[in-house]
Each structure stands twice: as C-alpha cells, then as structure tokens.
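There are 2 protein chains.
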Amino acid sequence: MATLKVPATVPSPSEDAEQLRKAFAGWGTNEALIISILGHRTAARRRAIRQAYHQTYNEDLLKSLDGEISGDFERAVLLWTLDPAERDAWLANEAVRKWRPGNRVLIEIACARSSRELFAVRQAYHARFKRSLEEDVAAHTTGDFRKLLVPLVSAYRYENAEVNLTLAKSEAKMLHEKISGKAYNHEDLIRILATRSKAQLVATFNYYNDEFGNSVNKDLKCDPKDEFLAALRAAIRCICFPERYFEKVIRSAINGLRTEENALTRVITTCAEVDLKEIAEVYQKRNSMPLEHAIKGDTTGDYEAMLLALLGQEA
Amino acid sequence: MATLKVPATVPSPSEDAEQLRKAFAGWGTNEALIISILGHRTAARRRAIRQAYHQTYNEDLLKSLDGEISGDFERAVLLWTLDPAERDAWLANEAVRKWRPGNRVLIEIACARSSRELFAVRQAYHARFKRSLEEDVAAHTTGDFRKLLVPLVSAYRYENAEVNLTLAKSEAKMLHEKISGKAYNHEDLIRILATRSKAQLVATFNYYNDEFGNSVNKDLKCDPKDEFLAALRAAIRCICFPERYFEKVIRSAINGLRTEENALTRVITTCAEVDLKEIAEVYQKRNSMPLEHAIKGDTTGDYEAMLLALLGQEA
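Residue numbers (numbering that gives the first Met the number 0), protein chains in the order written: chain A, 0 to 314; chain B, 0 to 314.
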C-alpha cells in the first residue's frame, strides 16, 4: 500500500501550478509550499499540474524546480514529480551511463515492477532517450552482467498465479546442479530467472529450499564479495520479496558510514505510491524503530521534510 | 499496401454472422459464401463478426469453421480470421512446439513486424498460452539459436529514423571483424542485430557494404548449408527488406518439388492487410509472372479461391 497522503479536497491543477509559481517568486524559495503541494498529490495529479504549469507559464515545471532548489532535496522532488515510468526510465538511464557491477537499479526496475510497468518504462525510455533500454544496457555492460541484465530488462513475464509443479521441480534441480557446480553464469540459470513468471519462480525456489535444505539465495552467498552473485541474489529478492529487498536497501543507506541519499531517495520516491507502507512495516520489525524515526535521525531540512511527506508523516 | 478488397458497403457483423451460419447449415458447406464474406473483411470487422457470431449462436466461429472445412483451405481461413497479433502468437507457438533450425517463423515475427506489433504478439501469447513467448522460445530452443532467438523475440526496438553514423561505422567494423573471424555466434554480433533500431541497422549494413565491398548477407553466405547462418541472413532480410524476404518465401514455397502450402498460407494471411501489394510487385519483377498466376498454377479449389480473394483477385 501507498504511504502518500492526499488531502480530502485537492485544489485544481491550475491552482496548484499557480501556488508553485508563487513558491518560486521573489527572493528565496518557499520549499515548504513546494512540499505541501507536490508531496501530497498522486501521479495523475502531478502530471496534470505539470501540464497546467506549462500551459500557463510556457515553462517546464521540472526546469523551474531545477533552478530553484538543489542537492538531495532537488533530486527527491524531481524524481517524485516524474511519472513512475518516466522516473524509472530516467533512473535506468543514469544507472546505464554510470554502470558499475554494484549498481542494483536495473535489477530493481526489471524485477520488482510488474510486466506492464516494465514495458511502460521501455516505452518511456524510447520517448526520452531515442534509444531502447535493452540497447543501452547491452552496449554499456559486459560479460556475465550483460548476459543477465539484457534478458531481465527485456522480459515480459506471464503474470497470473498458475504454477506448473513438475516444471518447478525439474528447474529447481537444474538450478541446484548449476549452483553446486559453481556455474552461476550458466545460460539455463539465467534463462529460468529471466523468463519464468514470478509465481512459477516462487514455486521453483520453494521446492529448491525443501529438497536441498538451503534457500537458493543462501547457496548463492558462498562468496560475499562476488558482485555477480550479489546481482543474482538481488534479482531473486526483487522477484520474490520486493518489500524485504527494499527494506534492506533503505537499511544499508541509513546505516552506512555516510547516508546514501540517492538510494534512500530512489526507494522512497518509487515506492511511496506502491508498497512503501509494507516496506516501512518490514523496516520497523527488522530494526525495532519506525522508518520515519530513522529518517529523522539521518536527514535534515527540506530533504527530510520531503521524505517524511512521502511517508505520510509530518516533519 | 494491403491487397485485401472490401466492398463499398459491408453488411453488419450480425448479418455476416448469420450468412456464415447459413453457409454451415444442412448437407455440405457453402465454401464460396465463407470466402465471399471473410475474404473481404478487415481485421476489425472480422473481430466484430466473431463477437456477433458468438453472441447469437453461443459458439466460437473458429470452432464452427473447424467442423465445416478442412485441409489447407481450413488453415488459410482460420489463420486469416484471427486478429493479427493472435495469429502471430499462434504461429509462434506452433513454431516453438515443432521447433527445428530451418524454421523461420519466429525470426519473421520478431524482425518483420513493428515494435508495437511484436509487443502485441507477446500480449496475445500471454492471453492464449498462459506463458510468455520468450519463456517458450528459451525452453524449446538450444545453443546458438537460443542465443539469437530469445533477444530477437524480446526486443522492443526504437522506431524513429534517427541514425548515429559514428555508431554505424564502429559497429559495421565490429560485425566485419566477427564475420571475418567466423565468430558468427559472437555476443556482440547478436547484441547489435537484436537491439539496434532498424534505421540504425540499415545504416550499419550500408557502411559495411561500402567499406568492405560485400553486403553483410553475402559475407554470411560462406556456408550455404549452415542453418544458423541462414537464420542470421533471414533476420537481416526481415529487418532491411521484408518485401524481398517474403517474396522469396513465396517463391520457394511455389517452386519446390511440392508446394509448401503452410509457408504460402502464412505469408498471404499475414501480409494481405499489410504489404502484400509490394510483395506481389517484387514477385512479378523477379519471376516475370504475376503472383496470382503462379498461385492459380500451383493451388486448386477453395484453397486457391481463398488465397486469390486475399490477393484482391477473382478466382
């Protein structure tokens, strides 16, 4: 469930656009006003506000924001204001351009979204970057990562709950064989992970656990420094337990020596209208502390206020 | 352009459904009536007729047809009656289940359709077969063919005409290097073919031709018996010259020792509403004979009449 809180009566998009324009006017910027508007509007409404703003002031709202605010606060507001598919396309493009093996953004977008959402990202990628997502991923990654990432971002998985148990057993055995033989980049392992439906994969991993005594991810943890193994584990977690996956991203972002604001911003902005409520619940259970407390302790100012607004909390 | 001829005034879908029901009634079947209706209706109209037929008689029109007609005529009528995306999904599934290296159907569907059409096929495949197209392709093919076919059927190529000439040059050189070294299954060769936009690939192949003196396809013809090389050539022809590709499929189907009705039916039914006019023109130029004459000489009866109807000709 979403954490976003929208007021009972919402001003019209053109009223919101006008208020935003006021927030930019004169000396300084009224950040609180920006948060009170954009931090409490649905994706459809934010799109309408952008349109109204463009119509009235002949300027892109994102450009205006870019001139007024900065730093982590700016990144949070800009990412949040984008449509979900546009936002993912933008994040995917950034990940591709600066690609390094430890980057999990492409895996998140490929594996934690629904098939329809991932396809919408591919369409938004065409529109914005004049290339295909898989084309850029294939051109900017190499080796085993390319073998894994290209089919993951190109997938259009079947989405119903039907499961073929015979297939789950035979593919669990196949996975166990490859993993035991340390053939982590084997084409059958990647094929199964990149093409089967999520329901089918859950059944396969359950059978794996029952039959071989360990979870797939435990068996894939033999070398904690191996980034490719970490990528496989991330894909499996995004497919089977997205809330737990995102909780861990938030936890690592907050608990590190330096807070990783980009990771925190990414999870909050991409999940606030989807399943941030469940992620926050997992967080509280795992860390014995509400997520909003952790965020208050680790961030400051307008950035903090924006994240808390998306979490449905007062600053 | 399409060859399909639709009368100036078309009866309502329910009138057409009623006439079809009459064609099935009593002793024998009125094949000419079936052709005169279905052979002269657009995809949207055929869909409406199926709906009207189902509403009135509580039976799927395709099932009724299946009980009334048979052989090549039946296959042509059934394939034609399906929606384009449904038809491609059905053909792809048949190709996957009976897969052998010489089968070109998956390559045609992946490379000769637009990005949006290919995605519609993947959606229709979900709806009909409860699995994804790429999942079935990956599970039923092996080796180099799998490496080629899975990314081809998963592609969502960028579709505008923009071309990056620097990239075309560097990738033409890369292709030449791989082909000269006989590394036909090299991942970079497959990556380029499966992910770049068609406009970009045409530019790359043109540069290849200019720089290295032969067309890519000529250089890929070194071993005419190698089915993988033939598959690469088919993909390139479907991307760059679909009309020439389909003309050759028709020519081989007609000129073989035995007419290959399935190939003939496939091309006529899939292209009649798209570009069969251009294909027929290429055929006439290449064979000094109108396509309809060749079809008259090689087929008979209701099957012949159905193909000619789709070609916009009288039997």
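Hints are computed from structural coordinates only; laboratory data are not their basis.
Glycine included, every Cβ here is placed at the ideal spot set by N, Cα and C.
Hints are supplied without guarantee of correctness; some may be wrong.
As the list claims (entries may be wrong) - A short list of chain A residues far from chain B (calculated; beta carbon distances all over 10 angstroms): (1) V5; (2) L32; (3) E93; (4) S113; (5) P150; (6) E259; (7) E260; (8) P289.
To be verified - Each computed BS3-like pair below joins lysine-lysine, with the alpha-carbon atoms no more than 27 angstroms apart: (9) A:K295 x A:K247; (10) A:K146 x B:K295; (11) B:K129 x A:K146; (12) B:K224 x B:K177; (13) A:K172 x B:K146; (14) B:K129 x A:K172; (15) B:K97 x A:K168; (16) B:K129 x A:K168.
Claimed, not checked - Derived, one-sided and incomplete: chain B residues facing chain A with beta-carbon distance under 8 angstroms: (17) K129; (18) E134; (19) A137; (20) P150.
Against the structure, the hints come out as follows:
no. : hint            : result
1   : V5              : 32 angstroms, holds
2   : L32             : 39 angstroms, holds
3   : E93             : 19 angstroms, holds
4   : S113            : 12 angstroms, holds
5   : P150            : 7 angstroms, violated
6   : E259            : 31 angstroms, holds
7   : E260            : 32 angstroms, holds
8   : P289            : 40 angstroms, holds
9   : A:K295 x A:K247 : 18 angstroms, holds
10  : A:K146 x B:K295 : 49 angstroms, violated
11  : B:K129 x A:K146 : 26 angstroms, holds
12  : B:K224 x B:K177 : 19 angstroms, holds
13  : A:K172 x B:K146 : 22 angstroms, holds
14  : B:K129 x A:K172 : 23 angstroms, holds
15  : B:K97 x A:K168  : 24 angstroms, holds
16  : B:K129 x A:K168 : 19 angstroms, holds
17  : K129            : 6 angstroms, holds
18  : E134            : 4 angstroms, holds
19  : A137            : 5 angstroms, holds
20  : P150            : 7 angstroms, holds
When held up to the earlier numbered hints, the structure conflicts with 5, 10 and fits the remainder.
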